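Novice: This is what each chain is made of:
Number of protein chains: 2
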Amino acid sequence: MGGDGPGVTERTRLRRMREKGSHRREDLDAVLAAGWLCHLGVTVDGVPMVVPTAYGVEGDRLYVHGSVASRSLVRAPGSTVCVTVTHVDGLVLARSVFEHGVNYRCAMVYGVPEVVTDPEEKLRGLRALTEQSSPGQWEYVRKPSRKELAATALLALDLTEASVKTRSGPPDDGDSEDAELGLWAGVLPVVTAFGTPVPDPALPAELAAAVPGHIAERAGRRVDGGEG
Amino acid sequence: MGGDGPGVTERTRLRRMREKGSHRREDLDAVLAAGWLCHLGVTVDGVPMVVPTAYGVEGDRLYVHGSVASRSLVRAPGSTVCVTVTHVDGLVLARSVFEHGVNYRCAMVYGVPEVVTDPEEKLRGLRALTEQSSPGQWEYVRKPSRKELAATALLALDLTEASVKTRSGPPDDGDSEDAELGLWAGVLPVVTAFGTPVPDPALPAELAAAVPGHIAERAGRRVDGGEG
Numbered sequence: 001m002g003g004d005g006p007g008v009t010e011r012t013r014l015r016r017m018r019e020k021g022s023h024r025r026e027d028l029d030a031v032l033a034a035g036w037l038c039h040l041g042v043t044v045d046g047v048p049m050v051v052p053t054a055y056g057v058e059g060d061r062l063y064v065h066g067s068v069a070s071r072s073l074v075r076a077p078g079s080t081v082c083v084t085v086t087h088v089d090g091l092v093l094a095r096s097v098f099e100h101g102v103n104y105r106c107a108m109v110y111g112v113p114e115v116v117t118d119p120e121e122k123l124r125g126l127r128a129l130t131e132q133s134s135p136g137q138w139e140y141v142r143k144p145s146r147k148e149l150a151a152t153a154l155l156a157l158d159l160t161e162a163s164v165k166t167r168s169g170p171p172d173d174g175d176s177e178d179a180e181l182g183l184w185a186g187v188l189p190v191v192t193a194f195g196t197p198v199p200d201p202a203l204p205a206e207l208a209a210a211v212p213g214h215i216a217e218r219a220g221r222r223v224d225g226g227e228g
Numbered sequence: 001m002g003g004d005g006p007g008v009t010e011r012t013r014l015r016r017m018r019e020k021g022s023h024r025r026e027d028l029d030a031v032l033a034a035g036w037l038c039h040l041g042v043t044v045d046g047v048p049m050v051v052p053t054a055y056g057v058e059g060d061r062l063y064v065h066g067s068v069a070s071r072s073l074v075r076a077p078g079s080t081v082c083v084t085v086t087h088v089d090g091l092v093l094a095r096s097v098f099e100h101g102v103n104y105r106c107a108m109v110y111g112v113p114e115v116v117t118d119p120e121e122k123l124r125g126l127r128a129l130t131e132q133s134s135p136g137q138w139e140y141v142r143k144p145s146r147k148e149l150a151a152t153a154l155l156a157l158d159l160t161e162a163s164v165k166t167r168s169g170p171p172d173d174g175d176s177e178d179a180e181l182g183l184w185a186g187v188l189p190v191v192t193a194f195g196t197p198v199p200d201p202a203l204p205a206e207l208a209a210a211v212p213g214h215i216a217e218r219a220g221r222r223v224d225g226g227e228g
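Chains C and L, in that order, are what the protein sequence lines are.
Heads up, the first sequence is in the UniProt record's numbering, so the first residue is 1 and it goes up one at a time.
Heads up, the second sequence is in the UniProt record's numbering, so the first residue is 1 and it goes up one at a time.
There is no bait here: all hints are sound.
Since copy identity is lost for identical chains, a pair holds within one copy or between any two.
20 Å max Cα-Cα, derived SDA-like pairs, lysine to any residue:
no.	residue 1	residue 2
1	K165	G111
2	K143	S176
3	K122	A151
4	K143	L181
5	K165	L37
Hints in this document: simulated from the structure, not taken from any laboratory.
The structure displayed is predicted, hence computed values, not measured ones.
Could you build the full structure based on these sequences and the hints that come with them?
Specialist: Encoded structure:
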């Protein structure tokens with residue numbers, strides 16, 4: 001691989017490029033902006049509980065619905081949670097079982113969540129949550145009523161303690177002894193995309209066919225906003 | 001929606017059909033079989049840590065690499081972990097912000113992981129792990145050497161304490177007052193599929209073009225094995 005340096009050094013350099021960690025805010029923002037579903041880890045009675053839930057980012061805060069964490073919040077207010085956002089980009093198919101892996105982008109955010117009570121922040125947070133997964137819907141659909149707003153628990157997490165890990169590129173054994181085995185190796189990409197909108201069967205036919213532009217334009221597009 | 005019964009009852013029945021929980025083993029098996037990446041929740045120094053990692057199922061056990069959980073295992077042997085497997089099927093776009101949601105299939109498995117030391121089970125577990133994400137690779141590539149096997153920590157979790165939650169179908173507000181708003185509503189499907197295999201640049205050209213059948217046939221297919 002390459003040839004612009006001694007084998008081992010080159011390999012080390014490439015490996016470092018393929019799997020990397022970061023604490024840079026812009027790397028965190030990129031991973032968070034590319035998704036809308038996180039896995040929220042909370043401790044309930046001393047046991048970790050991992051729940052998938054939608055999130056939204058607004059400024060320096062990440063918002064999730066409080067309902068999923070309510071058991072934890074009630075029993076252990078002020079306890080730390082972990083929010084993990086993962087994008088899978090491909091299966092790394094190496095020449096040996098040992099070198100198999102995954103190309104991914106992952107962000108982990110730790111913090112003590114705050115229950116949002118300020119009505120204005122609650123609206124901003126819910127808007128961020130809605131727009132993260134479904135841009136355009138906040139303006140298009142009916143916004144929360146006072147009653148609905150009161151019935152919604154919203155948690156905010158500061159983006160102060162976070163890390164990003166990614167892996168990209170081919171397997172690491174391209175310059176190992178296993179390369180002599182003559183086996184195919186590479187990456188099988190994994191792509192998550194939106195399909196064709198499916199109208200609610202309860203809609204009258206005319207309305208069912210009139211998919212709004214902000215929804216229709218997403219069909220076939222990658223969920224993470226990437227190309228290809 | 002329907003009309004084969006009083007409005008409220010019908011609605012209740014449909015809602016129940018759309019979001020459901022299950023403790024049936026066959027429902028658990030279906031969700032686990034449709035994926036290969038989980039989010040593993042472990043408690044480290046009293047704080048939940050949620051890490052994405054590959055898993056494999058063999059019989060009544062789920063296997064994950066021990067490395068990701070090693071910090072936890074060393075500090076708190078015998079502690080309970082949570083393994084969550086989530087498949088996102090679509091965004092539920094309702095007529096109000098409040099009714100927005102996600103169609104998904106999710107399995108949660110709790111248990112105290114066991115470090116696998118028996119060499120035969122270790123091989124079986126690693127095989128399950130490899131074949132879950134990459135069927136055919138175990139036979140195609142070089143299997144673990146004695147040294148590699150010793151260097152790999154493998155955790156096993158019994159599938160005894162587990163639950164499944166799913167949501168499917170259209171939004172729940174098709175027969176609510178909001179249906180009068182004349183807004184489009186429905187589901188924007190989310191589909192995760194394999195792309196075209198990308199050969200390792202380190203491969204000689206001839207070999208690069210010779211993608212093995214068990215890999216080539218996955219291009220364009222859904223990761224969860226579903227149709228469409």
